[in-house]
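If you read the sequences in order, they're chains A and B. For the first sequence, the numbering used here assigns the number 1 to the initial residue and increments by one for each residue that follows. For the second sequence, the numbering used here assigns the number 1 to the initial residue and increments by one for each residue that follows.
None of these hints come from the bench; they were simulated from the model. For clarity, every value in this text was computed on a predicted model and none was experimentally measured. Quick reminder that beta carbons are idealized off the backbone N, C-alpha and C, glycines included. Please note that a few of the clues may not be correct.
Mimicking DSSO-like on lysine-lysine, the simulated pairs with C-alpha atoms at most 27 Å apart in a straight line are [unchecked claim]:
#1 Lys363/B - Lys207/A
#2 Lys268/A - Lys246/A
#3 Lys201/A - Lys271/B
Calculated from the model, a selection of chain B residues having no Cβ within reach of chain A, i.e. all distances over 12 Å [as the list claims (entries may be wrong)]:
#4 Met67
#5 Ser77
#6 Gly103
#7 His113
#8 Thr142
#9 Pro233
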Amino acid sequence: MGDWMTVTDPGLSSESKNLSQYTSETKMSPSSLYSHQVLCSSIPLSKNVHSFFSAFCTEENIEQSISYLDQELTTFGFPSLYEESEGKEEKRELNIVAVLNCMNELLVLQRKNLLAQENVETQNLKLGSDMDHLQSCYAKLKEQLETSRREMIGLQERDRQLQCKNRNLHQLLKNEKDEVQKLQNIIASRATQYNHDMKRKEREYNKLKERLHQLVMNKKDKKIAMDILNYVGRADGKRGSWRTGKTEARNEDEMYKILLNDYEYRQKQILMENAELKKVLQQMKKEMISLLSPQKQKPRERADDSTGAGISDVEDDAGELNRESIWDLSCETVREQLTNSIRKQWRILKSHVEKLDNQVSKVHLEGFHDEDVISRQDHEQETEKLELEIQQCKEMIKTQQQLLQQQLATACDDDTTSLLRDCYLLEEKERLKEEWSLFKEQKKNFERERRSFTEAAIRLGLERKAFEEERASWLKQQFLNMTTFDHQNSENVKLFSAFSGSSDRDNLTVHSRPRQKKPHSVSNGSQVCTSKLTKSLPASPSTSDFCQTRSCVSEHSLSNVLNITPEETKPHQVGRECLNQTWSLASRPGSQEGGCSGCSLACTNSHVDKDDLP
Amino acid sequence: MNFSEVFKLSGLLSKFSPDGKYLASCVQYRLVVRDVNTLQILQLYTCLDQIQHIEWSADSLFILCAMYKRGLVQVWSLEQPDWHCKIDEGSAGLVASCWSPDGRHILNTTEFHLRITVWSLCTKSVSYIKYPKACQQGITFTRDGRYMALAERRDCRDYISIFVCSDWQLLRHFETDTQDLVGIEWAPNGCVLAVWDTCLEYKILLYSLDGRLLSTYSAYEWSLGVKSVTWSPSSQFLAIGSYDGKVRILNHVTWKMITEFGHPATVSNPKIVVYKEAEKSPKLGLGALPFPPPRAAARPFSTTETKYEIASLPVSLQTLKPVTDRANPRIGIGMLAFSPDNYFLATRNDNIPNAVWIWDVQKLRLFVVLEQLAPVRTFQWDPQQARLAICTGGSRVYLWSPVGCVSVQVPVEGDFHVLSLCWHLSGDSLALLSKDHFCLCFLETEEGAGTA
């Protein structure tokens with residue numbers, strides 16, 4: 001909203017502002033309201049001024065308007081528009097400079113005001129957006145609050161329900177407990193009642209029994225009797241004795257004897273068991289001592305005073321116990337000794353085991369330490385190595401970074417970028433590039449050669465045409481000018497000699513043009529080089545033939561050449577010349593053409609001869 | 001395993017003499033004494049009425065035959081067949097009769113437990129013991145026969161009297177802290193007396209011979225309590241079977257519980273072997289069925305044979321739903337017995353009536369469960385070794401030993417329902433009792449104890 005507002009003219013914006021102001025007035029802070037009011041009051045003013053100006057000054061009221069303006073301006077603190085005059089009566093002159101200054105100042109002021117207005121507007125916009133944001137935030141938070149409140153209410157409801165349930169359950173539990181209590185009470189009361197009843201019944205029953213007993217037993221029942229043939233002897237063969245106090249005492253004695261026997265038997269058993277257990281304990285102790293004694297030296301050395309003392313104590317104890325026959329000792333002392341010693345032993349064993357554990361851990365640690373000591377140098381070396389490696393790696397990274405930067409800087413160069421893209425293949429790429437350039441060169445050469453060949457062919461065709469035309473013209477001339485036969489003949493001879501010179505040109509050149517040998521000789525001097533070239537370049541058969549022929553020729557002429565110009569065959573020159581030679585070889589079709597044309601000419605000549613023959 | 005021929009019997013009254021030489025059996029009003037080895041009739045006594053109870057004297061010289069209906073006891077001597085003795089309790093009536101350990105006195109309990117009359121065979125003297133308690137097990141003698149403990153009830157309180165059997169002198173008389181004492185039992189060493197309260201309350205009291213209370217044990221309250229109690233032969237353990245289906249074992253040093261054996265209906269511990277009796281599928285091949293069906297007599301086995309199978313765990317045993325609104329519900333440990341070598345304890349939970357549980361006492365854990373096809377009626381340990389004989393009221397007898405168990409068909413014509421059994425002293429033979437017959441089963445060889 002703010003963006004397009006800034007573009008629109010102030011009046012419109014102010015109106016819209018007004019609208020927005022009125023719509024959002026209720027929620028605005030007082031400060032922002034204030035700024036808005038200021039803004040709104042300032043802008044319509046300027047508008048009014050504009051509209052006012054149209055009707056403000058006319059032809060008639062210039063003076064009044066000037067004076068009015070002067071008044072106004074002076075009241076606003078501007079210098080007077082009129083020149084300072086001595087007499088007040090005089091009509092004051094309008095000071096143009098002052099007017100202009102005033103205008104300027106007013107304009108400046110206007111601009112400033114506009115700027116301020118703009119600022120205020122933007123601020124207003126900002127504040128408006130802030131306001132919106134805050135409003136949206138507020139709405140969101142309100143929503144959140146609402147939802148959380150709802151949630152809370154829901155939770156409260158659930159809590160209430162659960163509490164209700166809980167209360168119900170509590171109530172149920174209480175009821176159940178009450179029920180249980182009641183039932184228990186009932187059971188107890190029933191039980192007491194039952195017991196009471198039982199007792200009552202039993203008493204009745206007992207009474208009845210008593211009565212029955214009296215009735216049945218007291219009456220001398222004849223029937224109750226034993227009918228026996230004769231009394232038998234007692235099982236033990238003794239005679240029955242009278243029941244007296246003596247027998248009673250004897251019975252008591254016997255009973256106690258039996259009880260005593262039983263207790264003795266049990267005591268014996270327990271003693272035996274005890275002895276067994278003691279034996280086991282003793283054995284255990286001995287074993288423990290024997291187990292502990294070998295290690296005991298070391299721990300003592302390790303300044304474990306308490307355990308060492310314990311061990312010595314135990315040893316003393318053991319000695320004592322061994323000396324005295326412990327089985328004869330009363331139970332308490334033996335037990336105390338035994339338990340004490342066993343406890344000590346056990347403590348020792350425990351500490352020993354703990355120590356062993358510690359030792360084990362220590363051994364582990366020591367092992368590490370030993371290794372460390374042994375390999376300290378190695379370790380240092382290793383660290384050095386590693387540091388070196390790190391440095392190398394850093395360098396690598398640096399170079400890579402550089403390359404990357406270069407690549408970024410010169411991203412246009414395809415070759416370099418491609419090279420930089422994988423710098424690992426840098427060398428290879430370079431090599432390949434070299435090869436590639438070589439290849440390109442070769443290709444260029446080939447192209448050139450081909451072009452030359454085509455050119456030569458074209459030229460040949462043209463020459464042939466020309467020759468044909470010449471021939472035709474010549475034949476015509478022959479036909480037409482039979483009289484000028486001799487002259488023509490001499491020309492013909494000349495022509496023939498010129499053409500035949502190509503067939504054995506070397507001889508001709510050797511004889512007629514000895515200076516031309518120089519390049520030939522040079523080329524022959526660098527025979528190796530050329531051969532190399534021919535080897536590397538797939539030379540056309542014609543050229544190779546040509547070279548061969550030429551080399552053959554050169555062999556003849558070499559001695560002469562060397563004799564003639566020995567100073568001129570310098571290695572540098574040779575190299576250059578060699579290259580030139582190759583170039584010349586490729587680019588000088590003239591000689592070949594000459595040869596070829598000569599051949600063709602010869603052929604044509606033969607044809608001509610044949611033609612002539614008939 | 002050999003079986004004797006079948007002899008007539010009435011009232012399941014057949015007993016080996018304590019010295020193991022004779023076998024007494026009753027047929028109506030006749031008492032037959034046979035030689036154990038030859039089974040020939042040595043003596044035949046005729047009583048005045050149908051015999052209801054017989055008992056050998058400890059020295060195997062006399063046999064007591066009680067005819068409760070008549071209030072009569074007749075005693076016969078094995079050495080002097082002409083000797084006779086008849087005790088008439090007259091109008092007082094008779095409900096129980098037993099020998100004293102010396103074999104020269106007979107204790108007769110009159111009707112309504114008015115008194116116990118001690119008749120001597122040596123002298124004319126007759127002793128009376130008043131107020132005996134009418135209960136399950138009110139009289140108990142020590143193994144050595146010196147002392148007798150007797151439960152008494154006076155003025156609605158339980159008392160125990162300890163008598164010296166040699167002269168019937170009262171040695172100790174003390175009140176017990178019980179609601180309604182139900183049983184007493186001497187430890188085999190004769191120095192500790194176990195006393196248990198009525199089933200309405202779980203309470204075990206242990207008294208010394210001199211009447212001191214050694215300990216009291218109660219596992220729980222408000223529920224049916226002790227159902228059966230037995231001492232281990234070494235007097236080391238007291239096994240208490242209760243209505244909650246558990247056996248609790250007390251030790252003899254502290255009289256505290258060492259362990260409790262539950263009897264759950266499902267056995268899932270893989271260490272436990274469950275032997276399940278299963279009917280052998282009758283082999284009915286085409287040719288196996290002879291055309292003229294043989295007479296019933298030719299086929300001694302009227303029912304199909306059975307064998308034991310080792311059941312794959314977990315096994316759920318057949319349970320009986322107890323009727324809770326009746327007295328003496330069929331739940332809880334009704335039977336328990338230690339093997340003579342103390343190594344095993346056999347129990348039966350009355351609501352799993354088909355199963356016998358054998359516990360390893362050394363390791364204090366369940367060892368074997370035998371599940372029968374029919375409810376177990378009774379079981380008894382071989383007096384010489386860890387071998388348990390079980391009968392279920394069918395025609396088979398079952399033997400278990402640590403090596404395995406076997407189901408043996410009694411090869412008898414007609415129906416022979418083994419209702420009870422009793423071992424010979426030597427453990428070589430076993431008397432199998434049915435309603436009308438009995439036979440002996442000889443186990444001299446070990447071949448019978450093979451695994452099923």
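How the hints compare with the structure:
no.	hint	verdict
1	Lys363/B - Lys207/A	violated, 53 Å
2	Lys268/A - Lys246/A	violated, 32 Å
3	Lys201/A - Lys271/B	violated, 53 Å
4	Met67	holds, 14 Å
5	Ser77	violated, 8 Å
6	Gly103	violated, 5 Å
7	His113	violated, 8 Å
8	Thr142	violated, 9 Å
9	Pro233	holds, 15 Å
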